[in-house]
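Undergrad: Chains as they are written, first to last, in my numbering: chain A, 1 to 154; chain B, 155 to 746.
The hints are simulated quantities; they were obtained by calculation from the structure and are not laboratory data. Here the structure is a predicted model, which means the values were calculated and not measured. Note that beta-carbon positions come from the ideal geometry of N, C-alpha and C, so glycine has one too. Wrong hints could be hidden among the right ones.
Within a straight-line C-alpha distance of at most 30 Å, the following computed DSBU-like cross-link-like pairs (lysine-lysine) qualify [said to hold, decoys possible]:
{"no.": "1", "chain 1": "B", "residue 1": "Lys325", "chain 2": "A", "residue 2": "Lys127"}
{"no.": "2", "chain 1": "A", "residue 1": "Lys109", "chain 2": "A", "residue 2": "Lys36"}
{"no.": "3", "chain 1": "B", "residue 1": "Lys640", "chain 2": "B", "residue 2": "Lys325"}
{"no.": "4", "chain 1": "B", "residue 1": "Lys325", "chain 2": "B", "residue 2": "Lys588"}
{"no.": "5", "chain 1": "B", "residue 1": "Lys668", "chain 2": "A", "residue 2": "Lys153"}
{"no.": "6", "chain 1": "B", "residue 1": "Lys657", "chain 2": "B", "residue 2": "Lys668"}
{"no.": "7", "chain 1": "B", "residue 1": "Lys657", "chain 2": "A", "residue 2": "Lys127"}
{"no.": "8", "chain 1": "A", "residue 1": "Lys153", "chain 2": "B", "residue 2": "Lys622"}
{"no.": "9", "chain 1": "A", "residue 1": "Lys109", "chain 2": "B", "residue 2": "Lys622"}
{"no.": "10", "chain 1": "A", "residue 1": "Lys127", "chain 2": "A", "residue 2": "Lys139"}
{"no.": "11", "chain 1": "A", "residue 1": "Lys36", "chain 2": "A", "residue 2": "Lys153"}
{"no.": "12", "chain 1": "A", "residue 1": "Lys109", "chain 2": "B", "residue 2": "Lys325"}
{"no.": "13", "chain 1": "A", "residue 1": "Lys36", "chain 2": "A", "residue 2": "Lys139"}
{"no.": "14", "chain 1": "A", "residue 1": "Lys127", "chain 2": "B", "residue 2": "Lys668"}
Over 12 Å on every C-beta distance to chain B, these chain A residues come out as not near it, computed from the model [to be verified]:
{"no.": "15", "residue": "Leu16"}
{"no.": "16", "residue": "Ala66"}
{"no.": "17", "residue": "Ala120"}
{"no.": "18", "residue": "Lys139"}
{"no.": "19", "residue": "Gly141"}
Computed Cβ-Cβ distance ranges for the label pairs, DEER-style [unchecked claim]:
{"no.": "20", "chain 1": "B", "residue 1": "Ala718", "chain 2": "A", "residue 2": "Ala149", "range": "47 to 55 Å"}
{"no.": "21", "chain 1": "A", "residue 1": "Val19", "chain 2": "B", "residue 2": "Arg645", "range": "50 to 58 Å"}
{"no.": "22", "chain 1": "B", "residue 1": "Ala366", "chain 2": "A", "residue 2": "Ala128", "range": "49 to 57 Å"}
{"no.": "23", "chain 1": "A", "residue 1": "Lys139", "chain 2": "B", "residue 2": "Val709", "range": "31 to 39 Å"}
{"no.": "24", "chain 1": "A", "residue 1": "Ala87", "chain 2": "B", "residue 2": "Gly722", "range": "41 to 49 Å"}
{"no.": "25", "chain 1": "A", "residue 1": "Thr140", "chain 2": "B", "residue 2": "Val644", "range": "27 to 35 Å"}
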Amino acid sequence: MDLPTSLLAQPDALLLDLVANSRESAIVALHAQLAKSPAVKDAGQFLHGLLERAMVAPVCIAADVALPHARTEAVDRVVIGVARVAAPGVGFDAEHPAVRLIFMVGTPKQQVEEYLLTVAAITRTVKADGVRAGLLAAKTGAEFTALLARGAKR
Amino acid sequence: MSTTVPATKAELLQRLQRLLRWRLWIREKLQLTEWQVTLLWAALAGFLGAMASMIFSVLAEGVHEFMTGRTGGVVEVMRQLPWWGCLLVPTLGGAAAGLVLLYGSRLTRSQSSTDYMEAIVIGNGRLPVRASLVKSTAALFSIGSGGSIGREGPMVQLSSMVASIVGRYRKFTGPQLRLLVACGASAGIASAYNAPIAGSFFVAEIILGTIAMESLGPLAISAVVATLTIRVLTAAQVLYKVPAFQLNSAWEMGPYVILGLLAGGLAPIFLRSLKQAEEFFIALRIPLVARLALGGLVVGVIAINVPEVAGNGYTVVVDILNGRLIWTVLLGIFACKWLATMSSFGSGAPGGVFTPSLFMGASLGYLFGSGVHAIWPAAAVDPGAFALVGMGAFLSAASRAPVMAVIMLFEMTLSYDIILPLMLCNVISYYTAKGVAGESLYSASLRRKAAAEPVSALPAGRVQDLMKVDPPTLPPAARFTKIASKFLSVRVNNLYVCDADGKFLGAVSLHDIKPYLGNMELAELVIARDIMREDFPRIGPDQSLSDALGRFLGVTAERLPVVAPETGRLLGSLAKGDLLLALVEKRSKPAA
Numbered sequence: 001m002d003l004p005t006s007l008l009a010q011p012d013a014l015l016l017d018l019v020a021n022s023r024e025s026a027i028v029a030l031h032a033q034l035a036k037s038p039a040v041k042d043a044g045q046f047l048h049g050l051l052e053r054a055m056v057a058p059v060c061i062a063a064d065v066a067l068p069h070a071r072t073e074a075v076d077r078v079v080i081g082v083a084r085v086a087a088p089g090v091g092f093d094a095e096h097p098a099v100r101l102i103f104m105v106g107t108p109k110q111q112v113e114e115y116l117l118t119v120a121a122i123t124r125t126v127k128a129d130g131v132r133a134g135l136l137a138a139k140t141g142a143e144f145t146a147l148l149a150r151g152a153k154r
Numbered sequence: 155m156s157t158t159v160p161a162t163k164a165e166l167l168q169r170l171q172r173l174l175r176w177r178l179w180i181r182e183k184l185q186l187t188e189w190q191v192t193l194l195w196a197a198l199a200g201f202l203g204a205m206a207s208m209i210f211s212v213l214a215e216g217v218h219e220f221m222t223g224r225t226g227g228v229v230e231v232m233r234q235l236p237w238w239g240c241l242l243v244p245t246l247g248g249a250a251a252g253l254v255l256l257y258g259s260r261l262t263r264s265q266s267s268t269d270y271m272e273a274i275v276i277g278n279g280r281l282p283v284r285a286s287l288v289k290s291t292a293a294l295f296s297i298g299s300g301g302s303i304g305r306e307g308p309m310v311q312l313s314s315m316v317a318s319i320v321g322r323y324r325k326f327t328g329p330q331l332r333l334l335v336a337c338g339a340s341a342g343i344a345s346a347y348n349a350p351i352a353g354s355f356f357v358a359e360i361i362l363g364t365i366a367m368e369s370l371g372p373l374a375i376s377a378v379v380a381t382l383t384i385r386v387l388t389a390a391q392v393l394y395k396v397p398a399f400q401l402n403s404a405w406e407m408g409p410y411v412i413l414g415l416l417a418g419g420l421a422p423i424f425l426r427s428l429k430q431a432e433e434f435f436i437a438l439r440i441p442l443v444a445r446l447a448l449g450g451l452v453v454g455v456i457a458i459n460v461p462e463v464a465g466n467g468y469t470v471v472v473d474i475l476n477g478r479l480i481w482t483v484l485l486g487i488f489a490c491k492w493l494a495t496m497s498s499f500g501s502g503a504p505g506g507v508f509t510p511s512l513f514m515g516a517s518l519g520y521l522f523g524s525g526v527h528a529i530w531p532a533a534a535v536d537p538g539a540f541a542l543v544g545m546g547a548f549l550s551a552a553s554r555a556p557v558m559a560v561i562m563l564f565e566m567t568l569s570y571d572i573i574l575p576l577m578l579c580n581v582i583s584y585y586t587a588k589g590v591a592g593e594s595l596y597s598a599s600l601r602r603k604a605a606a607e608p609v610s611a612l613p614a615g616r617v618q619d620l621m622k623v624d625p626p627t628l629p630p631a632a633r634f635t636k637i638a639s640k641f642l643s644v645r646v647n648n649l650y651v652c653d654a655d656g657k658f659l660g661a662v663s664l665h666d667i668k669p670y671l672g673n674m675e676l677a678e679l680v681i682a683r684d685i686m687r688e689d690f691p692r693i694g695p696d697q698s699l700s701d702a703l704g705r706f707l708g709v710t711a712e713r714l715p716v717v718a719p720e721t722g723r724l725l726g727s728l729a730k731g732d733l734l735l736a737l738v739e740k741r742s743k744p745a746a
């Protein structure tokens with residue numbers, strides 16, 4: 001199993017019914033969960049990186065899927081946090097007013113290849129047939145991560 | 155009935171992505187490295203150099219016909235002219251060359267030196283066009299009127315000038331421009347002597363002082379293209395058609411050793427005599443036009459009885475090599491030709507002394523071979539063979555380029571059997587000449603010029619001297635699609651990312667993004683700052699070239715960004731190729 005697949009099968013943070021009224025609050029909430037990972041050395045710096053990146057250019061990869069990410073010195077290795085936002089979702093920008101799935105990625109500065117590999121794996125997983133709908137319908141965390149793992153392997 | 159479904163935006167984007175991916179793949183597979191591009195420019199310099207040489211040759215023949223009213227070789231026509239014609243033609247030719255130089259100098263007063271060797275070795279590679287044309291026009295008269303001078307000098311000059319124009323037009327950096335001018339010179343020699351290997355080695359050994367592949371490769375390409383051009387357009391073949399050379403017995407190697415010693419001893423004397431003649435004419439303190447006319451007159455006076463002194467000596471050399479001259483006649487021609495060359499060269503007639511040096515060597519070899527044959531026939535069966543080896547030995551001693559001399563003689567005669575005595579004789583003459591005098595045919599002039607112009611245009615050893623400004627850049631928010639398009643439009647493997655103030659932030663590598671070019675979602679998501687490498691090696695403008703070389707070690711990049719240490723602004727980029735060329739040049743720079 002390659003790195004992104006294993007990370008998606010066992011994300012560092014998982015929130016299944018996140019309630020948020022803005023992009024920033026959604027990012028802050030998922031980040032708070034992800035920052036508990038020992039791989040995150042500097043939570044403040046990581047959050048700053050995530051918010052700054054989201055302001056520079058859109059971070060959505062589908063109508064209801066966002067991928068806030070940062071390449072930062074604040075993490076030791078690639079970390080992934082996943083959140084499902086309660087309906088009707090949260091607006092990330094004008095073109096993505098109802099995001100339901102958030103994949104948060106932190107990558108060490110030097111790891112450009114790992115960053116691209118991880119982001120590409122997430123987009124591939126989300127595009128896989130039935131995965132997105134399954135993720136939105138999953139009842140438990142175990143069901144959710146099992147779907148992610150299956151989608152990542154395809 | 156079928157209906158056409160309009161493509162959605164996503165489908166169009168996907169197609170675009172696919173197209174970009176294919177184009178980048180093709181581009182990467184077919185992309186030329188900087189060295190390969192240099193070879194293409196070298197080929198162009200070779201072609202243009204050959205054309206320039208051919209035009210000069212045709213014009214020189216035209217001037218010769220116009221001044222003598224006859225067609226044919228210089229020596230042949232001199233034989234046909236009445237005594238007053240022999241006097242008048244070289245004198246008028248010298249005067250005309252002087253007038254061109256005199257009036258031409260008004261057009262070119264502020265321009266720098268026209269010497270291509272100077273431009274390559276101690277200059278910036280910029281050969282002044284007007285001054286070069288004036289000098290070449292003057293050379294047309296001195297050569298066309300039968301001056302005892304070679305035409306290869308102006309041919310190389312023009313060929314180098316054309317290369318310099320091309321390099322300046324393409325805004326080449328200093329080392330690139332100097333290399334291209336060197337390619338022009340290589341093409342000039344190759345065109346003049348139909349000798350591509352010797353052309354490359356002439357420049358590598360004599361001018362650049364190195365046979366590093368960084369420079370020898372482009373020189374060889376240029377020389378090959380020039381020779382091919384000449385062969386296709388003029389049907390030129392071997393320059394000196396000689397009878398089959400044969401080493402009849404091992405005993406012959408003994409006299410060849412002595413010939414090497416003689417050539418090595420005589421060449422410095424010949425060169426010194428040319429220098430003394432130059433000093434003599436300058437000491438006369440007569441106007442330039444009169445001085446050149448006087449030089450021509452002396453040649454004319456000698457040519458009344460010995461017409462073989464006219465021209466560069468090619469015809470006589472062919473006669474010597476084919477045994478059509480007896481030694482007693484040749485002895486007279488040898489002395490007269492030496493005097494005539496001193497007169498032409500000393501008076502300042504524009505032209506070269508390369509071919510006259512070949513004459514000196516051929517004569518010396520033939521005379522020596524004849525002498526040995528008279529005493530001990532078995533040790534010198536064919537004096538013509540000694541003439542051939544003598545040419546190489548004299549050239550080796552005069553130019554201090556034994557490798558080039560061996561190759562040139564081999565190429566000019568295509569006689570492989572000559573190699574053994576030629577190598578032996580050349581090396582002996584080289585070391586003998588080196589022991590007798592420190593100066594060569596070319597080093598003396600270069601040394602004088604280097605001393606006269608202490609402000610050298612060679613890189614002072616700092617990165618900023620070689621830096622190329624305005625490298626292609628990306629803003630940090632540039633989208634994936636834009637990054638891919640940029641890689642397609644510029645021939646680089648790394649794009650530099652700069653903020654609005656021009657501050658260098660990092661570099662995006664083509665290698666990193668290549669596997670993801672077909673991923674449409676990434677195209678929407680990823681921007682330059684997501685994938686730039688902030689730790690991309692960079693150098694400061696004031697760093698030394700050896701420091702810069704150190705920065706290139708361990709990285710695959712062909713270029714490094716040059717960044718101001720105080721502000722972090724991107725100033726330009728440094729190419730590894732330029733750096734290597736500059737370091738090669740620095741190593742071979744002559745002492746002033």
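Undergrad: Against each hint, give a clear statement of whether it holds in the structure.
TA: Hints, one by one, checked against the model:
no.	hint	verdict
1	Lys325(B) - Lys127(A)	49 Å, violated
2	Lys109(A) - Lys36(A)	20 Å, holds
3	Lys640(B) - Lys325(B)	22 Å, holds
4	Lys325(B) - Lys588(B)	40 Å, violated
5	Lys668(B) - Lys153(A)	22 Å, holds
6	Lys657(B) - Lys668(B)	26 Å, holds
7	Lys657(B) - Lys127(A)	38 Å, violated
8	Lys153(A) - Lys622(B)	47 Å, violated
9	Lys109(A) - Lys622(B)	29 Å, holds
10	Lys127(A) - Lys139(A)	21 Å, holds
11	Lys36(A) - Lys153(A)	27 Å, holds
12	Lys109(A) - Lys325(B)	37 Å, violated
13	Lys36(A) - Lys139(A)	24 Å, holds
14	Lys127(A) - Lys668(B)	21 Å, holds
15	Leu16	24 Å, holds
16	Ala66	10 Å, violated
17	Ala120	6 Å, violated
18	Lys139	27 Å, holds
19	Gly141	25 Å, holds
20	Ala718(B) - Ala149(A): 47 to 55 Å	49 Å, holds
21	Val19(A) - Arg645(B): 50 to 58 Å	52 Å, holds
22	Ala366(B) - Ala128(A): 49 to 57 Å	56 Å, holds
23	Lys139(A) - Val709(B): 31 to 39 Å	52 Å, violated
24	Ala87(A) - Gly722(B): 41 to 49 Å	47 Å, holds
25	Thr140(A) - Val644(B): 27 to 35 Å	52 Å, violated
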